[in-house]
Amino acid sequence: YAYRPANSDDAPLPLLVLLHGAGGSARGFLDAFRDEADQGGYLLLSLQSEAVTWDLIVDAAGKRRSKGEPSFGRDVGRANQVLGDLFGRIAVDPRRVAIGGFSDGASYALSLGLANPRLFRGIVAMSPGFFVAPTAFDPKQRVFITHGRSDEILPFSQGRRIADLLETRGGWLRFRPFDGPHR
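To convert a position in the sequence shown, counted from 1, into this note's numbering, add 17.
Rather than coming from a laboratory, the hints here were simulated on the basis of the structure.
Any given hint might turn out to be false.
Label-pair ranges, simulated between beta-carbon atoms [to be verified]:
{"no.": "1", "residue 1": "R191", "residue 2": "D27", "range": "28 to 34 Å"}
{"no.": "2", "residue 1": "N24", "residue 2": "I170", "range": "33 to 39 Å"}
{"no.": "3", "residue 1": "T152", "residue 2": "N97", "range": "19 to 25 Å"}
{"no.": "4", "residue 1": "E67", "residue 2": "V149", "range": "29 to 35 Å"}
{"no.": "5", "residue 1": "Q56", "residue 2": "P111", "range": "20 to 26 Å"}
{"no.": "6", "residue 1": "R193", "residue 2": "R113", "range": "18 to 24 Å"}
{"no.": "7", "residue 1": "T152", "residue 2": "D102", "range": "26 to 32 Å"}
{"no.": "8", "residue 1": "G105", "residue 2": "D181", "range": "35 to 41 Å"}
{"no.": "9", "residue 1": "V149", "residue 2": "G187", "range": "16 to 22 Å"}
Yeah, the Cβ is synthetic: ideal placement off N, Cα and C, and Gly gets one too.
Whole structure, please, built from the sequences with the hints as guidance.
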């Protein structure tokens, strides 16, 4: 699902690609960001995973992958296709494309975003559980992570550990904990 902000003209717009959490929906996640998109003047593109969550976490049959076997699959192929279609229809500012997600979507956004720094200049990860590190990091890429101290699904310590690992790479990182559960 895509959303163009109200009162936008034909000038190239920033883009935020959204990835829902496990069991979530692209439509519901997009709806949660419409007001901010209108206020900030940026496009939204909310993607739907093929299975209950993203293919880095589950295989094509929907079976959870073990920690040693993460890999991208059909969700990335579909994301590439949808992004290509959107770029062909709407003027997107290529210097202002970010990816963000919640929970499993945050883990996927970190992994996919860090692997593609030329496309995704920024990453927003809300309550991530892990990420797959690329072979090299781009110090110009901006990363924002937030995590609830009372998170009952993905413990706060996981978000803190991710931020600590990314902080060692150099570059722009903001970690913002909050008092609250998995949200």
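To see whether the hints hold, each was checked on the structure:
As the Cβ distance of R191 to D27 is approximately 32 Å, the hint placing it in 28 to 34 Å holds. About 37 Å separates the C-beta atoms of N24 and I170, a value consistent with the hinted range of 33 to 39 Å. Checked against the hint of 19 to 25 Å, the C-beta distance between T152 and N97 comes to roughly 20 Å, which is consistent with it. Distance hint check for E67 and V149: the Cβ-Cβ separation is about 18 Å, which falls outside the suggested range of 29 to 35 Å.
Checked against the hint of 20 to 26 Å, the pair Q56 and P111 passes, with Cβ atoms roughly 22 Å apart. At roughly 21 Å, the beta-carbon separation of R193 and R113 lies within the given 18 to 24 Å, and the hint holds. Between T152 and D102 the CB atoms are about 29 Å apart, so this pair conforms to the stated range of 26 to 32 Å. Between G105 and D181, the C-beta spacing of about 40 Å keeps the proposed range 35 to 41 Å intact.
Under the hint 16 to 22 Å, the C-beta atoms of V149 and G187, about 19 Å apart, fit the expected range.
Hint compliance for this structure: hint 4 is the single one not met.
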